[in-house]
Amino acid sequence: MSPRRTSSGGRIDRDRSVRFTFDGRQLSGHPGDTLASALLASGVTLVGRSFKYHRPRGIFAAGADEPNALVTVLRDGVREPNIPATQIEIYDGLIAVSQNRWPSLAFDIGAVNGLAGGLISAGFYYKTFMGPVIGPLKGTRFWMFCEWFIRRAAGLGRADTAKDPWRYERMNAFCDVLVVGAGPAGIGAAKAAAASGKRVILAEMDPAIGGSAKWSGETIGGQQAADWASDTADELANQPNVRLLTRTTVWGYYDGNVLAAIERVADHRKVIGKGEPRHRHWVIRAGQVVLATGALERPLVFSGNDRPGVMLASATQRYAAEYGVLPGTSVAFFTNNDSAYAAAAALAKAGANVTAIVDVRSELSMPARALAQQAGAELLLGHAVTGTSGGRALAGVSVQRLTGGKPAGEARKLAVDCLGVSGGWSPVIHLASQAGQKPEWNDTLQAFMPPAPTQNWKGAGAFNGVFDTATVLADGRAAGEAASDARASRAKGPDVGAPALDAAPAPVFEIAGGKKAFVDLQHDVTADDVRLAHREGFVSVEHLKRYTTLGMATDQGKTSNVPGLAIMAAARGVSVPEVGATRFRAPYAPVSIGSIAAERAGDFAPDRLTPTHDWHVEHGARMYTVGLWHRPMIYGLPGETVEQAYVREARAVRGSVGLMDVSTLGKIAVKGPDAAIFLDRVYTNIFSTLPVGRARYGLMLREDGIAFDDGTTWRLGEHDFLMTTTTTGAGKVMQQLEYFLDVVWPDLRVSLTSVTDEWAGAAVAGPNARKVLEKAVAGIAVDDTALPFMGIVRGEIDGAPVVVCRLSFSGELAYEVYCGAGHGTHVWEALMAAGAPFGILPYGLEASGALRIEKGHVTGSEIDGRTTARDLHLDWMLSKKKPFVGSAVMDRGELNSVDRVRLVGVVSLDGRALNGGSHIVLDGSLEKLGESIGHVTAVCYSPALERYIGLALVRGGKARHGSRAFVSDPLRGRFGPVEIVSHHFFDPDGSRMHG
Amino acid sequence: MVERESPIGPAYRPGSYGNLTGGPGFRLLELKPGSVVEVVAWPGSEATALAAISAVTGLALADTPGSGVATKTRSAFGFAPRKWLVIDQAEGTGAQLEAAMTSAAGSVTDLSHGRTVIRVSGPRVEWVLAKLFAIDFALAAFPMSAGRATAHHEVFAQIQRSGEQQFDIVVFRSFARSFWKTLCHLAEEVGCEVV
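As given, the protein sequences belong to chains G and A, one line each in that order. According to the working numbering, the first sequence is numbered sequentially starting from 12. According to the working numbering, the second sequence is numbered sequentially starting from 2.
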């Protein structure tokens, strides 16, 4: 049994042991221990090194406010830094290591920084690293040179580069009332809201609900408060309308009463269950919120107040009462308020020798005096602690009498190994600050109180500055009732047995004099740093924070904010509220990035598969993604390069016949009596004149006159159109069309339905395409008369109904065969079989790309959000007979300037491949950049021309046909001559597809 | 008639997976209805559309947002203003609805191939769905037979409550396999049974 472990008490399971290591040392504790309590029980006082000066630091708090005891946890091969030891529940096999020390925690070379303390004060970097004005390290280079060393010397834990192996999940939750914090106030609120039948979520960051009831030593309803808390937890857990979320920190408050919380599901267990996430990110949409987040004790600022063994008075009490650990054997307290007296009594009760209570006040209430007596402590009223001694552990403190608020006279030494300090209490108003106005200063409590809400929340308990448990319970109940719109209950609350202490502290934050009196323990900011900032003009609270880094880092100044502001106020000779406070931002406490990424981590986008996906994969297709779609790129043969494969496929199309999966094209059913009018408005060309059973190529512009998307639209019935869009444009076209119907023309009787997934599409292309269809399609003729260019027929292929439209993207005689998606593979295989005598080949996107480049057909590479119809030589599609979206601005001068880039073709003259994205220049070299006159949008090896060709957008456009230029691609080291030609490389009169 | 191929493909692996200590908390089944049809009414023609749905399917829908009805073999629910989805185990319902609705009243679009209907059920069904969708699945907020339209990232989902612990999720066919795998993955924690 550890010498620091009390013989009884505490909410730990003394019958079982838990083994863990800290810095390689085997230690043990009990279930219910935190790493902090187990380390204290094992007599470990030195837990970390401070940020700047590498001073030895111990455990200072018992909760999320811990500034010092940050450790790195090693688990499953991953290191997670900067976790407060107070927030880690120990489990068998836990491995924790200390941080910011080298070579070891006990002997840390960086501690030499402490000797230069006067030098590395606030603003040190700003002042020092201005850089020489001349020489090789001129200006910021010197900074950059030093940065590497500084970053190694400063800072806390080191982040890992290994992949995070754990699962994280997001949960969406809805409730009528969310209660944040399950201390007596939160419990009271949750019970009241649950009793009125509301759906309640009660979130508590600790493993068990109860808050201060777990360690206050008070009685509630005749029971020990801790027992009352666990009975109430059982009672609430059994109510169907209550969801208890323990180990859950509500960390952000967002618009619409949406709150973010992190649940640490498995951090406290050795094994993460099957399928279980490590953390859950809860997004809670609450009708009403009750903030019962309690209050945090503040430290006092005095010389040497960072020595291991100095800790918050409430923390000493909590370790003794909740964990059965004495943080010291000989303990003193230093306070400006009554609450430390309860701690002193609790420590004495747990078996510690409480030597003295040092109180800056000279008057004391009777209940506090009684507690001091219970503790058997010497009362040193009107005194202050002015210094500490010891190395890696506290050995003693110096106490002096206060005269006129200043320490004077002979210092008296007290030999203690633990000093509990209390500088008053600050309500935890972080969430309220995110959903409220400015916090309000309360002179009595010397604290910032919750602001007026700007969202639906109510406060309760210590959050409201209410500290005695009977009132806290009543306040919680009232908040719960108000949040539930329930009538206030007149029933008497439970009896509470607790000393009647006065929560108001003396307005003392700092004992001036001496050296190294720390305000912010985590960022090593001293009281002198705050005064230095004042002297140098950084007096605004925002400047103070940035200049000194006060209140930054992982604890976000939970212990340091108010003392820092008070010291600045004193330096300026103004009140604390005149200095003001910074607004608390989310998160309240550190949150794992994994939890926020949640299920998206590693699985960012869903896969979108065509009906024939499995066939492609089985037939050797190399797939790649286009948006979310998976599409065949090539169907390569063993040993073939991508180019060899697509050239082979494209030759098959030009020479005989090929088959391509075009199911990914966006398809929108446009239906209704006004469908034709609607299409006339959204397309640049006319669709109302299109006969039933025919298709037409259409172009859409954006409202600003820039080309938007293109595709064919088929008229299947008088009021029934099937619009096709580009694969990647489908979503944005649908959105834009829905916007037009909902907002611009709500009077049109038109419906839009995405039918992309309803139809599987296969393009049969090549001179033998018709012969393939004649073999495959039953019940209808497909000759030139029955199925002319842009004609549509319905038939059947091997029993499956199909719609066939004759249109061409490849420039060959081609048809698109559509069937129900569930018949997609069936029809595809039937077409392959029908094409077998003609040597039909499936072809992928690369071949399709080559075929379309040869034809000069545009895609998203050219319709890139910058080009107009005229830039792409699509002016023939701009109807002069009717207005359409974009027509009002498309004729404006700038959109028709001769300086605009226009579509051309380019042919490589050096026999080498071109790169998409290369610039077109008139001069220059690989080393010397020429002036760009445009860029290459698409490239391929043309099997028809047997050259490397590309499409490009070039200033001057057609005027440059026949001229020479260069492609310049310095990033990929390509420079070479090209000829600018017409974009119609192949079969410019379209005889092949019309044949 | 050619049989329709399921989009779930090789991802369909019947059996029980994940943490089965409390028995499977989540069940997955592809419903494979014969018909999935979208009915749209022009403003003012809502009653005509509902009458057509009723005449063809016998399902009497209320004209209130998200309300739905269901029998063993067919169901319908509103998923947007003036828009309903009709799901029928029988094929050909689309054509019948088209015949019952004039284009003066609205439109009918057959989506039987284009949508996949996944039935999810079990004691932990609300828990698993809460991982995906920011809508309230509690019975009081999402009553029996009611419908909702929502999305999980890019995957549009129309959901109907078909039992106290059962929902039918309608997704685009192309996303069905990926979504199915996502459901299986997220249900591991509570034990997943693929029927």
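Some hints could be false.
List of simulated lysine-lysine pairs, DSSO-like, C-alpha gap at most 27 Å [stated by the list, open to error]:
1) A/Lys33 with A/Lys73
2) G/Lys424 with G/Lys360
3) G/Lys743 with A/Lys84
4) G/Lys138 with G/Lys743
5) G/Lys174 with A/Lys182
6) A/Lys84 with A/Lys73
7) G/Lys285 with A/Lys182
8) G/Lys424 with G/Lys285
9) G/Lys526 with G/Lys138
Simulated from the structure, these hints should not be mistaken for lab results.
How the hints compare with the structure:
| no. | hint | result |
| --- | --- | --- |
| 1 | A/Lys33 with A/Lys73 | holds (14 Å) |
| 2 | G/Lys424 with G/Lys360 | holds (25 Å) |
| 3 | G/Lys743 with A/Lys84 | holds (21 Å) |
| 4 | G/Lys138 with G/Lys743 | violated (52 Å) |
| 5 | G/Lys174 with A/Lys182 | holds (22 Å) |
| 6 | A/Lys84 with A/Lys73 | holds (22 Å) |
| 7 | G/Lys285 with A/Lys182 | holds (16 Å) |
| 8 | G/Lys424 with G/Lys285 | violated (57 Å) |
| 9 | G/Lys526 with G/Lys138 | holds (22 Å) |
Hint violations for this structure: numbers 4, 8, all remaining hints satisfied.
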